[in-house]
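Undergrad: The chain contents come next:
Number of protein chains: 2
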Amino acid sequence: MEVNGQRLLENISGYAQIGKVAEIGVERIALSEEDKQARDLLKEQMLSLGLEVHIDRLGNMIGLRKGKQDLRPVAFGSHLDTVYAGGRYDGALGVLAGIELIHTLNDQGIMTEHPLALVNFTNEEGVRFAPDMMGSHVYSGQASLESILSSQAYDNPNDTIGSRLKVIGYDGNAEPGAIAFDSFIELHIEQGPVLEKEEIQIGVVEMVQGIHWTRYTIKGEANHAGTTPNEYRKDAGYGSAKIIKFIGDYSREKENAVLTTVGSIEYVPNTINIIPEQVTFTLDLRSTQAEALEKAQIEMDEYIDRVVEDEGLELLTEKMVRFKPVHFPSEMTNLVEGAADNLGLTSKRMPSGAGHDGQMMNHCCPSTMIFIPSVRGISHNIEEFSKDIDVVNGANVLLNTVLSRSGGDS
Amino acid sequence: MEVNGQRLLENISGYAQIGKVAEIGVERIALSEEDKQARDLLKEQMLSLGLEVHIDRLGNMIGLRKGKQDLRPVAFGSHLDTVYAGGRYDGALGVLAGIELIHTLNDQGIMTEHPLALVNFTNEEGVRFAPDMMGSHVYSGQASLESILSSQAYDNPNDTIGSRLKVIGYDGNAEPGAIAFDSFIELHIEQGPVLEKEEIQIGVVEMVQGIHWTRYTIKGEANHAGTTPNEYRKDAGYGSAKIIKFIGDYSREKENAVLTTVGSIEYVPNTINIIPEQVTFTLDLRSTQAEALEKAQIEMDEYIDRVVEDEGLELLTEKMVRFKPVHFPSEMTNLVEGAADNLGLTSKRMPSGAGHDGQMMNHCCPSTMIFIPSVRGISHNIEEFSKDIDVVNGANVLLNTVLSRSGGDS
Numbered sequence: 012m013e014v015n016g017q018r019l020l021e022n023i024s025g026y027a028q029i030g031k032v033a034e035i036g037v038e039r040i041a042l043s044e045e046d047k048q049a050r051d052l053l054k055e056q057m058l059s060l061g062l063e064v065h066i067d068r069l070g071n072m073i074g075l076r077k078g079k080q081d082l083r084p085v086a087f088g089s090h091l092d093t094v095y096a097g098g099r100y101d102g103a104l105g106v107l108a109g110i111e112l113i114h115t116l117n118d119q120g121i122m123t124e125h126p127l128a129l130v131n132f133t134n135e136e137g138v139r140f141a142p143d144m145m146g147s148h149v150y151s152g153q154a155s156l157e158s159i160l161s162s163q164a165y166d167n168p169n170d171t172i173g174s175r176l177k178v179i180g181y182d183g184n185a186e187p188g189a190i191a192f193d194s195f196i197e198l199h200i201e202q203g204p205v206l207e208k209e210e211i212q213i214g215v216v217e218m219v220q221g222i223h224w225t226r227y228t229i230k231g232e233a234n235h236a237g238t239t240p241n242e243y244r245k246d247a248g249y250g251s252a253k254i255i256k257f258i259g260d261y262s263r264e265k266e267n268a269v270l271t272t273v274g275s276i277e278y279v280p281n282t283i284n285i286i287p288e289q290v291t292f293t294l295d296l297r298s299t300q301a302e303a304l305e306k307a308q309i310e311m312d313e314y315i316d317r318v319v320e321d322e323g324l325e326l327l328t329e330k331m332v333r334f335k336p337v338h339f340p341s342e343m344t345n346l347v348e349g350a351a352d353n354l355g356l357t358s359k360r361m362p363s364g365a366g367h368d369g370q371m372m373n374h375c376c377p378s379t380m381i382f383i384p385s386v387r388g389i390s391h392n393i394e395e396f397s398k399d400i401d402v403v404n405g406a407n408v409l410l411n412t413v414l415s416r417s418g419g420d421s
Numbered sequence: 012m013e014v015n016g017q018r019l020l021e022n023i024s025g026y027a028q029i030g031k032v033a034e035i036g037v038e039r040i041a042l043s044e045e046d047k048q049a050r051d052l053l054k055e056q057m058l059s060l061g062l063e064v065h066i067d068r069l070g071n072m073i074g075l076r077k078g079k080q081d082l083r084p085v086a087f088g089s090h091l092d093t094v095y096a097g098g099r100y101d102g103a104l105g106v107l108a109g110i111e112l113i114h115t116l117n118d119q120g121i122m123t124e125h126p127l128a129l130v131n132f133t134n135e136e137g138v139r140f141a142p143d144m145m146g147s148h149v150y151s152g153q154a155s156l157e158s159i160l161s162s163q164a165y166d167n168p169n170d171t172i173g174s175r176l177k178v179i180g181y182d183g184n185a186e187p188g189a190i191a192f193d194s195f196i197e198l199h200i201e202q203g204p205v206l207e208k209e210e211i212q213i214g215v216v217e218m219v220q221g222i223h224w225t226r227y228t229i230k231g232e233a234n235h236a237g238t239t240p241n242e243y244r245k246d247a248g249y250g251s252a253k254i255i256k257f258i259g260d261y262s263r264e265k266e267n268a269v270l271t272t273v274g275s276i277e278y279v280p281n282t283i284n285i286i287p288e289q290v291t292f293t294l295d296l297r298s299t300q301a302e303a304l305e306k307a308q309i310e311m312d313e314y315i316d317r318v319v320e321d322e323g324l325e326l327l328t329e330k331m332v333r334f335k336p337v338h339f340p341s342e343m344t345n346l347v348e349g350a351a352d353n354l355g356l357t358s359k360r361m362p363s364g365a366g367h368d369g370q371m372m373n374h375c376c377p378s379t380m381i382f383i384p385s386v387r388g389i390s391h392n393i394e395e396f397s398k399d400i401d402v403v404n405g406a407n408v409l410l411n412t413v414l415s416r417s418g419g420d421s
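Respectively, the protein sequence lines represent chains A and B.
Position in the first sequence (from 1) plus 11 gives the number in the numbering used here.
Position in the second sequence (from 1) plus 11 gives the number in the numbering used here.
One or more of the hints may lead you astray.
Chain copies aren't distinguished; within one or between two, either way the pair holds.
[What the hints assert, rightly or not] Each computed DSBU-like pair below joins lysine-lysine, with the alpha-carbon atoms no more than 30 Å apart:
#1 K306 <-> K256
#2 K31 <-> K208
#3 K245 <-> K230
#4 K245 <-> K398
#5 K31 <-> K245
#6 K245 <-> K335
#7 K359 <-> K306
#8 K230 <-> K31
#9 K330 <-> K256
#10 K230 <-> K208
#11 K230 <-> K398
#12 K245 <-> K359
#13 K245 <-> K256
#14 K230 <-> K256
#15 K208 <-> K245
In short, the hints are calculated from the structure, not lab data.
All of these numbers come straight from a predicted model, not from anything done at the bench.
Based on the provided sequences and hints, a complete structural model is requested.
TA: Dropping the structure here:
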């Protein structure tokens, strides 16, 4: 069975108008006015497809479709929020392929054994409110709702998750996790270059890399750039450059066994002729191997301590995120691989480099993910793009995986 | 002869209330409301001491005191503007010691052979409007007034030097440089740790380091931190860290023959999980040796080119400032040394690490500078401090140097 590809592509284009940036980009920050508009449209589409809509206290949206039996629903979906200046596929693809899946089943008059659940998780990106993967984190029972509701926006402490949910009208009544799923399947763009480079149509996601996010603040002493000999300097900028070079070298020497990125930095006072007195930077560290991840974290922290001591600096370390690698069960990945095979699509078992709702959901039910190629591997960028044919292929694999799992293909 | 030390210290405290920050800090950005207040007070003091006040088209303030003969004036002074969150001595000391000098001569009824000129130069710091040492740069005939008047504020292109001079009422009529000086003598805090460490009371400034300021912008490609293998990365952050480490190492290996500082940096998009697509940073490079300065600039630029090529990046280089080292004539430094000796003060011939109006003025008349110790070498910082005794010693050396040069000690 296949979805209506044209209808799916038109729906994706429609959502991409909400928060449109440049030609094909989208900026739809979680719990913003744009997020509300996209949610309203989704709710309308869910209702018109006959789904029973549940909004939980964290704003997660679930559209339920009855099954022949009173079983746990087979769930699928992703998120409608984006990063700043992001793309139209990251997140929305998984939700809108879900809409298309339901539409196709309705068209064909197919009733599955299990009920089905289409999910839009709140704040997957975490760019304005920490942590990321927020909705699925709470839904899967790994974080406390109350503390999450008081999470403050980076740019305005008066905006909290709780207050923004009220403002946009998505502070629902259901308890997150109250509807226990049979399983969860997430279709997503790869966001990396592997499928495109290797000319493979479908990624069968076996696991998600572990992620460590850490914020380091290094304190030195502000002083005049022209009059302070090196032996009297406590230069937080020079110290941080040594560290950032080490962090980059480390990953390159390990040939990608760990990936390291220093994506953000701030100098204080940030003036051309003053030695930086304070530097704050973040480390994004990932690996598919739990041991390599731990070892890298320890070795980097040891190096940082050494530089801080050598340069007469002080250090403040904030552990922001510590997620171990997640392995998806073969009962799920085999279904995805089988669906791709049946559709005559080439596929490859691979890890996910990015964090996703699917990795969170695997904590509470067997989960997996389906990847489609990203052109030039670009994402979190207004140039993010996936080809129409790949988008439709992905939706077809999702449809057939869901049918297998929910007993709709018998 | 000696100044009235108590009166000088009280006057410095008085000016430090204008733009006061924290306990002893001062923020008086050039052409701000605070700068206007300090200028108004200076004008009032100049007039009350019987000086003839000239304001030129760039806002430079000159208070003229008649001499016995119709000779070129012996000039002295500095600047009343500060950096953001700066101190009370950097600049103001040289101007207010000048006020005190005139006051002392008036008290004693002394008339010098040469006229005297007390100068407050506009925008020495250059923190809001480029370039720094602006007033003396133009006064000494090394920059065009018209282009300088249209210099825009970093934080607001609608604010120009010309428009701000009008707003604060210091757009005078005189042509900068119209009053030709016999010589120029600037009293200033050292802004470095040498005099304090070596327990010397007076620095006889023989030369000013050459300064190169350069802004580098490195362009890579934004991409997802978790999904982009190293071989596909164009990481402007990693590239810049290599460069900033090299720049710091370079100076440390040369044992201060050149001083290097990377004081400011900006990442774009500056997000924890996105590879930086653009990094802009500044290099402050200084040396007392013209050859070493040129060689260092070339070697650093070569290294930067190499990193940019190795990492698949692009480079934009903006040369902001290129000042060669300036040597003060011995006819001037000998006067300072002699004045210190006669007052029983220990002194040391030394270079200035920072740029000063004195180095600009040496282009149009024999100039020199007098340094006093800075506690812990700290300046451009609200903790900047010099001891009362050192402040008074410095003013006494200025007084006696001016008397020697102007024929007032005969």
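Undergrad: So, for every hint listed, does it hold in this structure?
TA: Hints, one by one, checked against the model:
{"no.": "1", "hint": "K306 <-> K256", "in the structure": "both (18 Å within a copy, 25 Å between copies)"}
{"no.": "2", "hint": "K31 <-> K208", "in the structure": "within (29 Å within a copy, 61 Å between copies)"}
{"no.": "3", "hint": "K245 <-> K230", "in the structure": "both (8 Å within a copy, 29 Å between copies)"}
{"no.": "4", "hint": "K245 <-> K398", "in the structure": "between (51 Å within a copy, 24 Å between copies)"}
{"no.": "5", "hint": "K31 <-> K245", "in the structure": "between (46 Å within a copy, 26 Å between copies)"}
{"no.": "6", "hint": "K245 <-> K335", "in the structure": "between (36 Å within a copy, 27 Å between copies)"}
{"no.": "7", "hint": "K359 <-> K306", "in the structure": "within (28 Å within a copy, 54 Å between copies)"}
{"no.": "8", "hint": "K230 <-> K31", "in the structure": "between (40 Å within a copy, 25 Å between copies)"}
{"no.": "9", "hint": "K330 <-> K256", "in the structure": "both (21 Å within a copy, 25 Å between copies)"}
{"no.": "10", "hint": "K230 <-> K208", "in the structure": "between (43 Å within a copy, 24 Å between copies)"}
{"no.": "11", "hint": "K230 <-> K398", "in the structure": "between (47 Å within a copy, 27 Å between copies)"}
{"no.": "12", "hint": "K245 <-> K359", "in the structure": "between (51 Å within a copy, 26 Å between copies)"}
{"no.": "13", "hint": "K245 <-> K256", "in the structure": "both (19 Å within a copy, 14 Å between copies)"}
{"no.": "14", "hint": "K230 <-> K256", "in the structure": "both (18 Å within a copy, 17 Å between copies)"}
{"no.": "15", "hint": "K208 <-> K245", "in the structure": "between (46 Å within a copy, 17 Å between copies)"}
Violated hints for the displayed structure: none, as all numbered hints are satisfied.
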